[in-house]
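Each chain, letter by letter, is given below.
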Amino acid sequence: MSEIISRESVESQQFAERPSIWKRLLRNPSVIIGGLLIAIIIAMVPAASLLTSLDPTEISPRNRNKEPGYTMTLRDDEGTRYKVIARMGTDKLGRDVYTRVVYGARVSLVVGVCVALTSVAVGLLLGLIAGYFRFADAIIMRIMDGLMAIPSILLAIALVSLSGASLLTVIMAIVIPEIPRVVRLVRSIVLTIREEPYVEAAISVGTPTPKILWRHVLPNTIAPLIVQGTFICGSAILLEAILSFLGVGIPPETPTWGNIMAEGRDLFQIYPHSIFYPGIFLTLTVLAINMLGDGLRDTIDPRMSKEI
Amino acid sequence: MWTYLLRRLLATIPVMLVVTVVVFLMLRLTPGDPAAIIAGDAATSEDIQQIREKLGLERPLLVQFGIYMQNILRGDFGDSFYYKRPVITMVADGLEPTLSLAVFTIVLACLIAVPLGTLAAYKSGSWLDRLVMGFSVIGFSVPVFVIGYLLIYTLSVKLEWFPVQGYQPIAEGITGWAYRLILPSSALSVIFIALIARMTRTSVLEVLNEDYVRTARAKGLSQFKILTRHALRNAAVPIVTIIGIAIAILVSGVVVTESVFVIPGLGSLTLDAIQGRDYPTVQALIILFSLFYVAINLVIDLLYTLLDPRIRY
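Protein sequences, first through last, are from chains A and B.
For the first sequence, the numbering used here begins at 1 and goes up steadily by one.
For the second sequence, the numbering used here begins at 309 and goes up steadily by one.
Don't read these hints as lab results, they were simulated from the structure.
Backbone N, C-alpha and C fix where the C-beta goes; we use that ideal spot for every residue, glycine too.
Hints are supplied without guarantee of correctness; some may be wrong.
To be verified - Reference excerpt, derived from the structure (chain A facing chain B, CB under 7 Å, subset only):
| no. | residue |
| --- | --- |
| 1 | I85 |
| 2 | M141 |
| 3 | D145 |
| 4 | G146 |
| 5 | A149 |
| 6 | I157 |
| 7 | N220 |
| 8 | I242 |
| 9 | F245 |
| 10 | V248 |
| 11 | L267 |
| 12 | P272 |
| 13 | I275 |
| 14 | N290 |
What the hints assert, rightly or not - Under the rule of at most 20 Å between Cα atoms (straight-line distance), these lysine to any residue pairs were calculated in the SDA-like manner:
| no. | chain 1 | residue 1 | chain 2 | residue 2 |
| --- | --- | --- | --- | --- |
| 15 | B | K392 | B | I356 |
| 16 | B | K362 | B | Q372 |
| 17 | A | K23 | A | Q269 |
| 18 | B | K466 | A | D301 |
| 19 | B | K362 | B | N379 |
| 20 | B | K431 | B | N542 |
| 21 | B | K466 | A | L267 |
| 22 | B | K466 | A | R265 |
| 23 | B | K362 | B | I375 |
| 24 | B | K392 | B | E361 |
| 25 | B | K392 | B | R585 |
| 26 | B | K533 | B | L610 |
| 27 | B | K466 | A | I226 |
| 28 | B | K533 | B | V521 |
| 29 | B | K466 | A | I270 |
| 30 | B | K362 | B | I380 |
| 31 | B | K466 | A | P272 |
| 32 | B | K466 | A | D266 |
| 33 | B | K392 | B | G374 |
| 34 | A | K23 | A | P272 |
| 35 | B | K466 | A | F268 |
| 36 | B | K533 | B | V545 |
| 37 | B | K362 | B | D384 |
| 38 | B | K362 | B | R393 |
Produce the entire structure from the sequences given, and follow the hints as far as they go.
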């Protein structure tokens with residue numbers, strides 16, 4: 001008897017001691033480091049005009065290809081001269097690399113967030129349909145298998161080159177190859193959940209299907225989708241940079257990290273700065289997002305952490 | 309086994325069908341005349357008319373698809389308007405550099421990652437383990453072109469140990485071929501080392517807790533034998549799976565790496581074709597790369613039976 005009581009009290013104690021999700025997140029070093037780094041990069045977006053006084057697209061032939069630390073002499077609208085230090089040097093058109101890197105954060109973040117939200121939304125819808133309705137399953141999953149077989153980078157460059165380069169087409173071109181991965185994840189969750197006793201009970205008392213999906217199935221997909229969305233955001237930023245770098249992404253005059261690097265390619269051996277600085281920012285951003293994703297997976301979705 | 313193989317082969321048909329439909333629709337659904345896009349910017353109106361007739365563009369969409377599938381099944385991907393050559397011969401020319409880069413990279417990645425992951429599992433919790441895990445997080449995040457340029461700048465431009473860029477065919481000497489592949493393969497292999505080392509660590513760690521490993525220890529087997537004979541062999545299925553995934557996603561990396569290191573392979577061909585709006589070539593490359601992906605997946609599934617006799621189909 002006493003044994004049972006003590007076990008119960010231990011269990012209730014364990015239950016009480018299980019910290020809230022926010023506390024667990026704040027104890028995870030990956031979440032803290034990744035989150036802080038991302039916060040700094042997000043802060044660069046509204047603070048861009050505070051961080052630099054220059055225009056990222058302004059060309060200055062006199063200041064072409066200068067090493068980091070060079071003092072540029074520029075003229076403002078009234079013609080008075082002023083000096084600015086090019087902290088990260090200038091590119092082959094005399095634009096300030098630091099300014100372009102600061103403004104480049106905007107494009108990367110917009111692409112990352114838009115791609116993550118869109119592909120999760122579309123993938124969730126298709127995954128719910130495929131998982132819950134048998135007749136749609138075969139069709140949707142065959143299409144998804146086919147899309148998965150096409151290397152994402154090739155699909156993306158083909159789509160961009162056919163529909164013309166713009167921010168919107170780049171986002172669409174990155175979303176399409178990401179959708180199948182979300183659909184597969186959602187479908188596998190739905191297939192497990194619909195076998196659960198509480199869903200069977202809900203079906204047997206005649207709950208309408210939309211209500212079952214909304215009340216019982218959907219909540220179970222949230223945690224894995226937050227994790228998956230984080231990783232998609234990271235890989236979308238990377239893919240956008242690759243597309244720009246290869247010259248098939250966002251138009252070259254727009255400052256994006258990939259575009260800055262693409263312009264630095266010809267003179268890379270003499271002036272490596274216009275490849276390395278945006279490269280460092282790109283790497284840190286993707287690293288931060290991946291660390292956040294790892295941390296989120298370990299804390300809110302422990303089921304997934306057993307797979308890689 | 310044979311029925312499984314047959315079923316598995318049949319299952320690839322719908323996948324490839326979807327791929328070809330996607331490629332087919334991509335060109336038809338974009339605004340503009342597909343014949344004009346295929347013919348390229350420098351084409352005359354007779355050229356365009358000729359292509360329109362060849363593809364049957366005046367006929368219903370379903371008939372067009374029939375003609376298109378017929379051509380593909382015969383291996384006829386059309387002529388590149390840019391080089392005025394059959395696409396298939398251009399693909400054949402680019403195959404050697406790309407295969408060299410891909411094979412070199414995967415072999416390098418496996419040779420480094422599998423021992424590293426096994427050691428990390430064996431010494432789990434130690435500084436070595438943390439180093440491997442830390443490296444794998446970073447390895448996932450550094451883009452291949454950043455690593456590529458970093459290697460070129462430090463090892464080629466500054467230290468002059470390696471040639472900056474370029475490729476040497478294997479027929480001109482195997483040492484020169486390997487020498488020029490070291491940098492591009494190292495750059496490309498980082499992400500795969502991260503991927504494979506992580507998976508090796510996880511699966512070896514799981515096996516090391518098994519009873520038969522304890523028995524092996526108890527009978528006095530050396531640690532090396534335990535790790536290779538018992539741990540690695542039983543952890544092989546997930547490791548091979550991840551190597552397969554690595555090979556399948558290698559294509560993206562190859563395109564970027566070939567561009568950075570100026571290697572005249574299929575990746576460079578793809579980019580040239582895209583930039584020149586050489587649509588027949590793009591179409592053929594997408595279909596062939598997808599076929600490669602499907603084939604790799606098939607091979608992995610079949611390897612399972614060899615690696616783990618418990619898996620039967």
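Hint-by-hint comparison with the structure:
1. I85: Constraint on I85 of chain A not satisfied, violated at 24 Å.
2. M141: With a minimum Cβ separation of about 10 Å from chain B (threshold 7 Å), the hint on M141 of chain A is violated.
3. D145: Holds, because the Cβ-Cβ distance from D145 of chain A to chain B comes to roughly 5 Å (cut-off 7 Å).
4. G146: This hint holds: G146 of chain A lies near chain B, its Cβ roughly 2 Å from the closest one there, short of 7 Å.
5. A149: Check passed: Cβ of A149 of chain A comes within 4 Å of chain B, closer than 7 Å.
6. I157: For I157 of chain A, the interface hint holds, since the closest Cβ of chain B sits about 5 Å away, which is under 7 Å.
7. N220: Where the cut-off is 7 Å and the nearest Cβ of chain B is about 25 Å from N220 of chain A, the hint is violated.
8. I242: Interface hint status for I242 of chain A: holds (6 Å vs cutoff 7 Å).
9. F245: Status holds, d = 6 Å.
10. V248: holds (6 Å)
11. L267: violated (12 Å)
12. P272: holds (5 Å)
13. I275: I275 of chain A check passes; min Cβ-Cβ to chain B is 5 Å, inside 7 Å.
14. N290: This interface hint holds because 5 Å falls under the 7 Å limit.
15. B:K392 / B:I356: Roughly 14 Å separates the two Cα atoms, so the pair holds.
16. B:K362 / B:Q372: The given pair, whose Cα atoms are some 10 Å apart, holds under the 20 Å limit.
17. A:K23 / A:Q269: violated (49 Å)
18. B:K466 / A:D301: violated (46 Å)
19. B:K362 / B:N379: Holds: K362 of chain B and N379 of chain B sit about 10 Å apart, inside 20 Å.
20. B:K431 / B:N542: holds (18 Å)
21. B:K466 / A:L267: Distance ~15 Å between K466 of chain B and L267 of chain A Cα, so the pair holds.
22. B:K466 / A:R265: Given that 20 Å is the threshold and the Cα spacing comes to 17 Å, the pair holds.
23. B:K362 / B:I375: holds (9 Å)
24. B:K392 / B:E361: holds (18 Å)
25. B:K392 / B:R585: holds (14 Å)
26. B:K533 / B:L610: violated (27 Å)
27. B:K466 / A:I226: Roughly 44 Å between the alpha carbons, so the hint for K466 of chain B and I226 of chain A is violated.
28. B:K533 / B:V521: holds (10 Å)
29. B:K466 / A:I270: Status holds; Cα separation ~10 Å.
30. B:K362 / B:I380: holds (13 Å)
31. B:K466 / A:P272: holds (12 Å)
32. B:K466 / A:D266: holds (17 Å)
33. B:K392 / B:G374: Given pair K392 of chain B, G374 of chain B is violated - Cα atoms ~25 Å apart, limit 20 Å.
34. A:K23 / A:P272: violated (43 Å)
35. B:K466 / A:F268: Holds, because 12 Å separates the two Cα atoms, which is no more than 20 Å.
36. B:K533 / B:V545: holds (19 Å)
37. B:K362 / B:D384: Roughly 12 Å between the alpha carbons, so the hint for K362 of chain B and D384 of chain B holds.
38. B:K362 / B:R393: holds (17 Å)
Going down the numbered hints, you'll see the structure goes against 1, 2, 7, 11, 17, 18, 26, 27, 33 and 34, while the others check out.
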